[in-house]
Amino acid sequence: MVEIKEVYSKMYQRSLADDMHKYCTEDDLRNILLSLIKEWNLDEEPKPQLTLLPEIVYHPTVVTSPNFVAENDANTVKEELGKSKNAVVDLLTTRTKEQRQEIGEAYKKKENEELLDTLIREFGDESKDMFTVLIQTGKSDAEMIHEAMEGIGTREHILIDILCRHNVQEIEKIKTEYKNTYNKEMEEAVGKETSGDLNELLLRLIKCERVESDSVDMKQVENDANELHKAGEGKAGTDESQFIEIFSTRSFGHLKLIFEQYQKISGKTIEESIQNEFSGDVEGAFMALVSYSNDPLSYHVTRLGETIKEDQPVFCKMVVERSEVDMVEIKELYQKTNLRSLADDIREQYTDDVKNILLALIKEWTAEEREEEKTIPLPAAVVYHPTVIAVQDFAVENDVNAIKNNLGTDKDAIIGLLTTRSKVQRHGISEAYQKQESKALQEQLVIELGPTSQNILTLLVQSPKSDAERLHEAMEGFGTKEEILIDILCRRTKEEVAIIKTNYKNAHGKELQEMIEKETGGDFQTLLVELIKCEREEKDVIYPKEVRQDASDLHQAGEKTSGTDESQFINIFTSRGLPHLKMMFEHYKTIAGKTIEESIEKEFSGEIQTALLTMVSYINDPLTSHVTKLNKTIKDDVDTFSRIIIDRSEVDMVEIKEQYVQAHKKTLADDIKEHFKEEDVRNILLALIKEWVPEKQPTIPADSPVVYHATVVSPDKFVEEDDVNDLKKHLGSSKNSIITLLTSRTKEQRKKISEAYQSKENSKLEEKLDTEFDKETEDLVSVLMQPSQTDAEKLHGAMEGFGTKEDVLINVLCRRTQQEITVIKEQYKKQYEKDLDTMIEKETGGDLEKLFIEILKCERDEKDVTYPNQVERDAIDLFEAGEKKSGTDESKFVHIFSKRSFPHLKMMFEQYKKTSGKTIEESVKSEFTGDTEAAFMTLVSYVQNPLTSHVSKLNSTIKDDSKMFYQLIVERSEIDMVEIKNLYKTTHEVTLADDIRKHYTGDTKNILLALIKEWDPEKEVNDSTIYFTSTH
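Numbering (the UniProt record's numbering), first residue to last: 1 to 1032.
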């Protein structure tokens, strides 16, 4: 060959190798030939160009349960069996296959019984297949392959289904299990039970020659596509071996790309060519491989659709398996493919427990489906909020004198007083006035406010009528006011009706039922009498089955029958609990296609219709009837409107106002302003609903300024040169004298001493002190001798460089008065030639930024009085902006916290607790997070007691942040250390001095104690000696 190559080159003027490169296009053939003639350099051969396959992320519906303890779950299953099937299903369908098997093992160990047997016994035989795959994963793939070949005939579709949709690792596991279980090679068994091309394909798949890779060689893809075309459509007959070779050795991602390339080459899909070239089971096997390679999800969706009706064990097994892999995507594709959800198909094909387990596994088990067994807890009691609250420490004589003083001079003050007292308190004022002046307060007020206000003033100051009195008046004399009977008896709880009956008997010597029977008739009478019997069920839970039954019974008694069975309506309306009835009304609409109100309007008339509709309205939402009545009477029945306002202002007016604007797209206050033109009547109504503040409202003087006391004060006579001389004298001889001198000078004076020492000795005093004291004292000496950092400098440092120290911004801006903020802004602008507002906007964001900007505007109201009405209004506004609504109106919090004076805020926080039932701190934590929460909490703490935050910071840093602790001690020793020491002891039940002795020793301890005036040099030395005696 060496000589041949030489002659070839001379004859053709080119090398043999060059011609091989030119004419041999198939890579492997060319490389072999070149290698034989020693012209193949492996290093020079181009490397295959690999393309990375896209990563596909799938989402399961069943994930590993955290904090899993098999024994605990086994105990729970044992406890719930026989009580709640749903609880068992909930538990098992939220654990993975491995976790369920561990539960089964733990259960067997404890109960000496297979969990599967227990479950089948409790749930019934129809659930056997389901629990078999759930607990034991059902038949393994190895078992299914064995059964497919056992006996007469072979079920090739099972072999195809398993071997054509598993990767190499999974098939290896199946082979191992098969060998261990049946003591024979799976390849041998399949080879014996199949034949022809199917036999060849399956055996190649079992050999596990498939290359599993996340990348492909696109040139190889093109070659493979060409080879398939040549082996099929491109020739007469079919080269089955080529198909088998490629389909059994290429990765699924590689195959998918081959199929795409194949269509470009042949003009046909690979599926069309397979159908042309193959038939029978081998066609099915190739088609399964194509389907699984193209889209594994489509394959699963198809198989689920095929087995859901005909093969329950396989369907259940697939659901269990895929729930831990890709069920989220399978559900989506199932819906697109079948135009029906997988959940709906499960509901159609399966019932009871099997249905529930399947739905739970795919996370489609609805609340209504769970209700079949579970009871529903009663909803939490609704908390309502008044706008008029009885005044604490009510002194009737003071109020009478206030009214007398304002008569003829300030009617707004009189309105403001009366509308902030409860009904009972107003009646007490009226009686006391009558006693003092021998005149009716009502008459005097009419003179003051004008005759148009007579009716509302009568309602405002008269003795509040009980429900029993109103019922008596409604039935007294000629005719009966049925609307009053309805308004009271159809809108009260069983307990409230029982009290009314007792009060009626005591006041009038008659049974209420007797009078109702005398004054009413027909179905209306029957309804009221049943309500008065107080036989309404008051269960702790709601039973969904009973709810559905009652809804069905009402539908049957009305819409589904000729005429109306009134007794059924009356029985259900008067004997069922109110939460039960509310749920029943919702279910009624589902089965009847109508609301319960529509059916009542159709089936009843007159008073009985009004009574039933009133009950429905009250049960669905007690506020609705008040809102409707207010809107209905505001124009045409002023007295009724005024009575409702007065009554509800002490019960639930906050919620009524909110619902009014939702129902009528305008506020109750705006409607009052529109319809009541007489100023005083309008103001009374607005004041009752807390939408009017009188111009001259009562005020409370602000607390006297708090006087704080320092432990370090400037000496009467200070000459820095004298102190420098004293220090030089004591350096090296008396540390205690040095400590005494430095801790009895202010920070500013220590700075001057340091400068004078530097000037005189040409060395730094701080460095000299470091050599004088313990090494551990260096940080404290540094804090002691360094000049104070201004707030402007602190803020600049917090925003300088990478990242922002929000805690520093909060500590400064949320703990300064308006005057101090003004000074900080001026210093910042002068020192850094930038506006502080601009820097804050640049370095912060969100609600924290808004709060800081509003604080920096310096618009806080710094009056020397507080206005109780405004305090109460702000408390209600904060409640409505947070706890009372879904979400949070952050702007309301920002506005009030940044605009109101500190004394006002302190009083408002106390009022807020009365209004909401929670402290302002609890609500801030509930409504805010992160730095915004910290800012509001700092403001609250500072407003309530500025010292509290210092005490808390000292306690939290004494052990873990000594430098911060030193800074606080040095700083506060010149301001309020006397008060801080007192509060520290009250808060932590240990003195600050004792805590310092506990955590610090030597010179550090002595300096700190000296700064807080708790250091006796001689005693501290003796204590140290005693403390260390045991070590001598």
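If you're looking for bench data, these hints aren't it; they were derived computationally from the structure.
A couple of the hints might just be wrong.
Only pairs whose alpha carbons sit at most 35 Å apart, straight line, appear in this in silico DSBU-like list of lysine-lysine [unchecked claim]: (1) K494 with K533; (2) K998 with K1019; (3) K764 with K751; (4) K192 with K230.
Restraint-style ranges between C-beta atoms, simulated for each label pair [to be verified]: (5) K914 with I591: 24 to 34 Å; (6) E910 with Q758: 18 to 28 Å; (7) E6 with S279: 48 to 58 Å; (8) T640 with I853: 14 to 24 Å; (9) E586 with K309: 46 to 56 Å; (10) Y832 with K673: 19 to 29 Å; (11) K925 with A440: 47 to 57 Å; (12) K925 with S714: 16 to 26 Å; (13) K925 with Q786: 18 to 28 Å; (14) T991 with V396: 28 to 38 Å.
Just so it is clear, the structure is predicted and the values come from calculations on it, not from any experiment.
C-beta: ideal position from N, C-alpha, C; glycine also.
Status of the hints after comparison with the structure:
About 9 Å separates the Cα atoms of K494 and K533, which keeps this hinted pair within 35 Å; it holds. Using a Cα cut-off of 35 Å, the hinted pair K998 and K1019 holds, with the two alpha carbons roughly 16 Å apart. Restraint check: the Cα-Cα separation between K764 and K751 comes to about 12 Å, which is no more than 35 Å; the hinted pair holds. A distance of roughly 31 Å separates the Cα atoms of K192 and K230; the hinted pair therefore holds under the 35 Å criterion.
A beta carbon spacing of about 46 Å between K914 and I591 contradicts the range 24 to 34 Å that was offered as a hint. At roughly 53 Å, the beta-carbon separation of E910 and Q758 lies outside the given 18 to 28 Å, and the hint is violated. A beta carbon spacing of about 57 Å between E6 and S279 agrees with the range 48 to 58 Å that was offered as a hint. Range check, T640 to I853: Cβ separation about 48 Å, and the 14 to 24 Å hint is violated.
Take E586 and K309: their Cβ atoms lie about 34 Å apart, and the range 46 to 56 Å is violated. Between Y832 and K673, the C-beta spacing of about 50 Å breaks the proposed range 19 to 29 Å. Distance hint for K925 and A440: a CB-CB separation of about 51 Å, consistent with the stated range 47 to 57 Å. Taken as a hint, the range 16 to 26 Å is violated for the pair K925 and S714, whose Cβ atoms sit roughly 42 Å apart.
For K925 paired with Q786, a C-beta distance near 37 Å fails the hint of 18 to 28 Å. About 48 Å separates the C-beta atoms of T991 and V396, a value inconsistent with the hinted range of 28 to 38 Å.
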